[in-house]
Amino acid sequence: MSGHAIPHRRPLSRREFLRRAGMTGIALPSMAAILAACGDDGGGNGGGGGPSPSATLQLARPDNPVTLPTFDSNPPIEDGLSPEPGPLRVIGYADYIWNRVLKKFSSQFGAEVEWTEYATPEEMVREIQAHGADFDLWVTTTIENLGKVATAQLIQPLNHTYLPNFEANAWDGVKSQYFDVRSQYSVPYTIYSTGIAYRNDLVTDDVGAMDNPYDIFFDARYAGQTHLLNGARDTLSVPLLRMGEDINTDDPAVLDQAKQMLLDGVASMNWKFDHVDYNELNNQFAIHHTWNGQLTYYIYYLPRDVSIEQFTWVFPPDAAGGKAGILTTDVFAIPKGARNPVLAHEMINMLYDPEIALENYSYEGFQPPNTAFSADQVIADGIVPENLRNTLITEDALPLGSNPLEVQQYELAPATNQLYQQIYTDVTGGV
Amino acid sequence: MAEEAASGTQGAWFPRWFWPSFAAPATLWLILFFVVPFYVILGIAFGQLDPIFLTPIPVYNPLRWDSTAFLEVVRDFGTSGSVYQSALWHTLLFVGISTLLCLLIGYPVAYFIARHAGRYKMLFLVLFIAPFWISYMMRMLGWMNLLQPNGYVNRILETLGLIDQPIQWLNGKPLTVILGLTYGYIPYMILPLYGTLDRISSGTLEASRDLGAGQISTFLRVTLPLSRQGILAGIVIVTLPMFGDYYTTNLLASTRNTAMVGTLIVSSMGSSLVQQGASLVLLLLIALFFPMLYYLRETSRAAELVSGA
Amino acid sequence: MRRLLGWLRNPWAKARFLWIVAIGYMAWTLLPVAIAVLFSFNSTRALTAWQGFSTRWYVGDVNSVWNDPSLRAALFASLKLASLTVLIAVPLGVAFALALDRWRGRSSGVQNFLMLFSFITPEIAIGVALFLFVVQLATTIGLGFTAQLAGLSMYMMAYPVIVVRARLLTIGKEYEEAAMDLGASPIGALRRVLLPLLAPAIFASVAIVFAAAIDNFVISSQLSSGAGDQTVPVMIYSAARRGPLPSLNALATLTLAASMLLIGIAVWLYRRGTRGEKPSGRPALPMT
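Protein sequences, first through last, are from chains A, B and C.
Each residue of the first sequence is one higher than the last, beginning at 1 in this note's numbering.
Each residue of the second sequence is one higher than the last, beginning at 1001 in this note's numbering.
Each residue of the third sequence is one higher than the last, beginning at 2001 in this note's numbering.
Keep in mind that the hints are not guaranteed to be accurate.
Computed spacing ranges between beta-carbons, pair by pair [to be verified]:
#1 A:275 to C:2109: 46 to 54 Å
#2 A:363 to B:1039: 41 to 49 Å
#3 C:2080 to A:322: 19 to 27 Å
#4 C:2105 to B:1293: 56 to 64 Å
#5 B:1031 to C:2051: 25 to 33 Å
It is worth saying that the hints were derived from the structure and are not from the lab.
Everything numeric in this text was worked out from a predicted model, so none of it was measured.
All residues carry an ideal CB built from backbone N, CA and C; glycine is no exception.
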């Protein structure tokens, strides 16, 4: 079945590719390094002719940390303001902060919380671009979008004097990260990894012992029972990681290979691209490329005859084969023009309160980078079951980018992004 | 007298401005929310992309339109193995088979209600109209309940000994999509069929028999030709929305093997491929333009017949 | 196949085959819905097997329609959207129908064509066009309830136009002309004579538009901004792709009941309004 070759869409030559990227005024890492060397290195508001929004979008990499540009026209809020009456208007994934926590916030600050949900970070970027001032808090943006929304002044710098809990309780490794040096525009909400979750009663192999754990997604014995995450970057990361390639590659030949691998897989494996939920857990589920937090969240909707002990988690960097895997973060940001910026800061601060953070974690399953509780406590409290202890991320994994096997999806040049998107549509048919 | 002279041939008692002004609000509404939005689609399909955010920048001046993205989509339909081409084949296949099934099932049903239901005619009409008032989503939800691996369909098949393993109906089966589309749209097929079949007078049929035609030839030579209009109207009315369907296949299958053009259109709206989505909408409308015109012409002719009577 | 031939050979006999086809068809169309309704009264969260009667998915359970704020919000959003769509689409459509019927100006043909064309354009095209319109051009409208209302009221205007025009064919111009001969003003003739005669058609339009709007999926979904304006069909669609509970069936059952109730009332009013008249003209377009 997988024999027939499927011709690819006009492969982009590397030169054409770079030309397109260059046209957009994007500074690729090498260029960014030069700019960083002669540009402003200090804090504050840009100093000598700070970069103009469209001129330099610097693409942050661990070896090229970026101090995001600040602008006189987009200052952080003043110190010492009192919270606005609200309502606090949040944009984010559905159900990404526990309702009970939102209620606590409402009663503490006397402000309602209105939540507008979007399914993907891209849709949220679009919405923030169109109606940023309609929102006060963005839960959450991702590394791959942060640079452009800051450079285009769609979000405002944070005022850390409102975030004492963050300063006190956040892991040191997240206080200044390569994509936002000194957390000028963002602070992390959760730290999570992407790995392989599988039913150990249905999958007989020891996936963790495989030379290449990613092969399991292509194992015909589990056709029709294997799920991949949806979204261009996450889906494409599977073949790229399997091949041992950079998940941020802009090499058209490599991307083409990845696309072929996905198309073959779609034909032979009948993957579903989704976040596994009740239905799938009940029926057609054996293997899932997913987030550690999603796996611990399974507990809440397991079918009656399935227990969480029937699940195993493999994070490839920890496994025998020593393959790379994704370890990354979702961050908070505050849109420029927010009408309740103080409330937004207060919400971020509240989620770094040790008790609230733990309470919220107990529902969400996604781990906050908080020093106030340990892995043992999380296990003891039953938030994460013992057999999934290896889903927990410890502080020594930070800062992000320090371990070459634990990779992130970086911000890409727009033309590369478009290529990823096209491949994704080609592979999934848009379902 | 002056007032009478001022007004046109119609509505001699009303001032000339009176009736046209009644059409104005609805016309304004149509221009604002139908004509202008379609111009925006043109502006986007032939417009530009923001270089950083990859969001569309509409161009409303036709002289500055750029057809690169549009032509690329057209070219992709001709590239074998491309997702556009495979979605097009799925769409044609699913819509074609489903329409045929709608006709094959719908015709006897309409024929029965029109000619044989007798004193139960009203009851059958009510039952048959009911699906129009039941949400499409709810009707699909019913099937999703039934088609689960441990649902009633599999259980019945197992009890009958037809299968030993539950069939994964909802796991990307083209058959499920075809049955879903047929189920979803068949009432729209039956309605015009019933309309034409009900209008054929029994006198015509008796005349045919009196003239010595057998029952088959009466059906083939009289009933079928006389219901041609209903058949064509039914086909058009069923295929138009089916070509734009994405929810049926997404709910019942949602894999690449069952993706339709509508699926691509909708998913492109949430991504950076909005230009491609807008181009697909244009192509869809171009392809459906003539069936739509045909349908409008036929129905307006029917309306004239009624008003003339 | 043999049966089919038998039927062709002998369509005038007892038509046994046709009876079977018709009853089979009715069962096929209605049973899945009946089962969906049945499962809304299931006593467990199972959606595949009947396990006893309960109303917990309506009231009581944390996830019931009554207790789950998002389901309640969806029900409310649907009712609000459908009612306001009726309030805009029906008056605009009725006025448009009157205008087209009583006036044949140079542009009326174009206007009529535009109206019918909007009606048969595949909804996905309208939904996407309106989405891009409010996101790119009419950004003050933006996604959300206002956009949904604008889109639906435009799309649904054709129903009252078709129904009212059919009714107007049976009424003729004599009544309002007689009224004006007797000294009534144009507005007075319209209000006192024509509108009462049109009342049954208007009731019918209200019911049709309400039922169609409450069931609308494509436009409501394309123009939804997220929570708050998610109507019942939009909610069913997104939840059914994740993991539905019987409360979803309960929600669908409630909207079904709402539109059935309204249609019942409309039919009753229509019958009352047209009692003693000859059968009215056939609608120009089959309902879609």
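Are there hints from earlier that the structure breaks, and if so, what are their numbers? Per hint list: 3, 4, 5 violated.
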